[in-house]
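From first to last, the protein sequence lines are chains P and F. For the first sequence, the numbering used here assigns the number 1 to the initial residue and increments by one for each residue that follows. For the second sequence, the numbering used here assigns the number 1 to the initial residue and increments by one for each residue that follows.
Everything labelled a hint here was simulated from the structure, so no lab data went into it. Among the hints, erroneous ones may be present.
What the hints assert, rightly or not - DSS-like mimics (lysine-lysine), calculated; alpha carbons at most 30 angstroms apart, straight line:
hint : chain 1 : residue 1 : chain 2 : residue 2
1    : P       : Lys-157   : P       : Lys-197
2    : P       : Lys-170   : F       : Lys-13
3    : F       : Lys-86    : F       : Lys-57
4    : P       : Lys-197   : F       : Lys-64
5    : P       : Lys-194   : F       : Lys-57
6    : P       : Lys-157   : P       : Lys-170
7    : F       : Lys-13    : F       : Lys-64
8    : F       : Lys-86    : P       : Lys-157
9    : F       : Lys-80    : F       : Lys-13
10   : P       : Lys-197   : P       : Lys-160
11   : P       : Lys-170   : F       : Lys-86
12   : P       : Lys-226   : P       : Lys-197
13   : F       : Lys-13    : F       : Lys-86
14   : F       : Lys-64    : P       : Lys-157
15   : P       : Lys-170   : P       : Lys-226
16   : F       : Lys-57    : F       : Lys-13
17   : F       : Lys-64    : F       : Lys-86
18   : F       : Lys-86    : P       : Lys-197
19   : F       : Lys-80    : F       : Lys-64
20   : F       : Lys-80    : P       : Lys-170
21   : F       : Lys-57    : P       : Lys-170
22   : P       : Lys-160   : P       : Lys-170
23   : F       : Lys-57    : F       : Lys-80
24   : P       : Lys-194   : P       : Lys-157
25   : P       : Lys-157   : F       : Lys-57
26   : P       : Lys-160   : F       : Lys-86
27   : P       : Lys-194   : P       : Lys-226
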Amino acid sequence: MTASSPPSNRWGCEMAAQSPFKNSQSFAIRAQQRNLLSYIESFDLLIKDARVEQNSDSYEIHIIDVITPIGTEYRVRLSNKPGHRFNFYDFRTQLQNENQYTLPFDAPSREVSNANASHKANTTTKHDEEKQVGDEYSHKHTNNNIKNEKCNCEAPKNAKLILTFLLPRKNRDYILGDLDEDFLHNIIPDYGEKIAKRWYWFQTIRTILEHNSLTARIINIIDAFKKSNGS
Amino acid sequence: MGKDGYLGEFEMKVMMALIRLGSNAYGMTIRRDISERTGRDVSIGAIYATLDRMERKGYVSSHKGEATPERGHRAKRYFKIEAPGKRIYADSWNALDNMREGLDDGLVTTFEPVGV
């Protein structure tokens with residue numbers, strides 16, 4: 001379970017630096033992990049940190065949850081083999097749930113750390129094996145269902161207001177439209193309303209800071225202010 | 001080559017996204033493409049700032065698209081690479097290739113797909 005090779009380390013570092021809404025990777029593992037995080041969202045876990053370790057036959061994703069008071073760390077093993085089996089471990093209690101789960105999950109509950117839980121579904125059956133074949137499809141299918149759910153959520157009004165006032169007229173409507181579309185179509189279905197709103201605020205602040213013409217405008221205002229004070 | 005002879009790293013990423021997305025290249029899709037492929041969240045403001053800069057240089061052009069209800073009836077702004085953009089993209093790519101030529105640094109490794 002070492003991650004000694006440079007690419008693995010590099011990837012691991014990137015993962016560790018990521019916030020919950022920056023969890024995508026440019027590898028095939030991406031889709032699985034995204035879905036995994038979506039699933040965890042449904043259990044009201046919030047990912048504080050995640051890092052990846054590459055083994056000879058699998059990848060392991062370490063996920064630290066911040067909603068539970070102590071911060072439970074789950075370790076998820078993604079096998080190279082089809083079926084995407086993985087295990088859950090609770091680092092806090094040092095108890096392992098040896099059950100292997102397959103995507104789109106046979107629901108390891110929040111009590112994965114409970115030793116009794118290890119008896120819940122201790123071996124994969126033939127039925128499970130067959131089920132794995134359709135995992136990829138059903139995974140997508142499940143996600144589509146989530147995506148098709150109608151949501152009445154609205155982007156934070158104050159953030160919109162700030163953007164409306166501070167963005168240059170040329171790009172204002174385009175940026176607001178893009179953010180709204182991304183918020184409703186991608187971020188909410190993937191991460192839920194709470195994180196989506198945080199994401200919107202994050203985008204607002206970064207857009208204000210990174211939009212060159214706006215930064216230039218702010219600098220001009222500061223310069224003008226300095227000049228007026230100096231004269 | 002002059003000061004603007006090559007594209008910067010982020011400009012290259014934006015160009016690649018434009019090429020990949022083709023006629024569906026607008027702010028949101030470009031942002032998502034870059035975020036998903038690089039694993040780093042990119043602000044929409046940075047995308048527009050880069051595209052505006054490249055448009056001023058004549059590398060890309062834009063046109064107003066349709067407005068949809070999920071966008072609050074706001075129009076999209078589609079982007080397209082122009083001939084000077086294609087040229088400078090090729091030049092930048094060649095420059096990188098030339099620099100990499102003969103290097104065996106062991107830093108570039110392809111990940112095998114997992115579970116697919």
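Index of numbered hints that the structure contradicts, given in increasing order
5, 8, 12, 18, 25, 26, 27
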